[in-house]
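Given the coordinates of chain A, work out where chain B should sit on it, guided by the hints.
Letter by letter, the chains look like this.
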Amino acid sequence: MKLHLLDIPDDAEALAEWLEDRLLGPDLGEVIAEFFAIYDAEEDGATLDQVLHGRTSRVLEQGLHDLPPAMLGALLRRPKLLLELQRRALSEGGGVWRRRPIDPRVHEAANRGRRLLDAWLEAPTELNDAPRMAPPRSRPDRPNTGFWRQTLTASLASAACAVLAVFVLEMFLAGDEPRAVSQSPAAAAAGWGWMQDESLSGADTASGHLLQLAGAAEEWFHRRPDTAPAVGRRIGEFRQGCTQLILAEHDPLAEADRAWLRERCRAWAGELDANLSALESGADPQAVLAEADETVTRLIGALRARADGLADSPPAHKS
Amino acid sequence: MAAPVESPEIRDEQWAACVARREESPEQRRTAQDALRTLYDRHAPSLLAFLAARVPRDDVEDVHQAIWERVWERLPDSFHTGNFRAWLFQVARNYLIDRSRRRRPELLAAEHEAFLADGRGDDPAELLVERERRDLLRGCLMRLEAPLAEVVRSRLAGEEYGSICRRMKITTPQAHKMLHRAKNLLHACVNKPDR
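Protein chains in written order, with our numbering: chain A, 1 to 319; chain B, 1 to 195.
Isolated chain A, as found in the complex (with noise of 0.2 Å):
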């Protein structure tokens, strides 16, 4: 583990560079875990621009380097106005903390978020470029999450190509039988998504088996449950299937994409299990749909997005 408060230089300019780095950097809660162990955080309910003595408006434009030595120790005795300090400096600053050089491992998570970005604008849209339709169950506060959800449902709402999209779909996942995306009783009794076996196997290629995993997360969508407890149970099912997930073998996949893949799963897991306990709690089913509808969303998203990243790769093989 690597302490950041071991490296704080002595100097104060060093120093104003130092906190000005890690405010814009992807470090600053651990800083602040470590001043909070380090002493006793001073509770006074002094604000920032009491700290500052009025100079927040120039911090915000020039930084820190002008500060005394004293109001900076100020602000690190009280590690809570750093997170303040940090919003307004990304969402208010100007002059030198848009000039700063962005923190590598910053650049990488944007570089990854670019990609997966780039993967859902590029997500199929309507067969004929219709102007999109309303969904068929809109609701104003509703959250409408996910370009695929809304594609999805505009296909559905529109004529029989669509319905023949998702049939065709649909022999795809099921690999047998075409199903309609209402589930008979006995379908449904089989399982769905990750659930059914053959969706956690039978690709030879490392990207087919994540395309694979990702078309039968696409099957959440294929029904809108409207009750507690139907909502309830639908997550339910698709967090059993992230469980089928975990425990699998994933043949097709290397070692680091197969460790990928369980930790994001067990990731996705957990949203799901806090979807679950609020709807416990009593929440409106409806939101928290929406909530897990972002999820999948999200995920489906991401096993894309790494699939297209593993297009040209060998089948692993297993060791």
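By construction, these hints were calculated from the structure, which means they are not laboratory data.
Where hints are given, some of them may not hold.
Below 25 Å or equal to it, Euclidean Cα-Cα: the simulated BS3-like pairs (lysine-lysine) are [said to hold, decoys possible]:
1. 183/B <-> 2/A
2. 192/B <-> 177/B
3. 169/B <-> 183/B
4. 192/B <-> 2/A
5. 2/A <-> 177/B
Showing chain B alone in chain A's frame:
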């Protein structure tokens, strides 16, 4: 006479206006997607830094993506003119409030906002996404000899060496040496193999 240079805020506003007009035509939709990519390239690093201090490390990139999806979806209706960057961070804060509310539905709305860690929560420990780090370091600090711990605490709180030395009745070289030793011991303690 040179043409006036547009401020970054005006350019952001123009890109945002592009995104807002995405439903006008398929071509406009493609332009809007490019505009969103431009806004992303300009603001993603700042937003990532903001999130890294407020969300567990493993969740940062997922949350980041979710926020940009909200930007795409909500921009036509809820951003009209003004400072896009400020609006983006408001979207991010609202997302974090919603996320916090999902995880802690028993809290009142005001407490959720406080958890957003703008420093106004009642319990500073709740702000910490790195609670384990804090506890580990705190434990290691308790194992230091008292004078070493005092030098570390005082110096990292911004106290001048002169003040520390007068109070502890030590010389400046001694203070430097003690701080150096304390840092080495802390580093070794937090990185013990059995942790």
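Could you check the structure against the hints above and give me the numbers of any it violates, in ascending order?
Violated hints: none; all satisfied.
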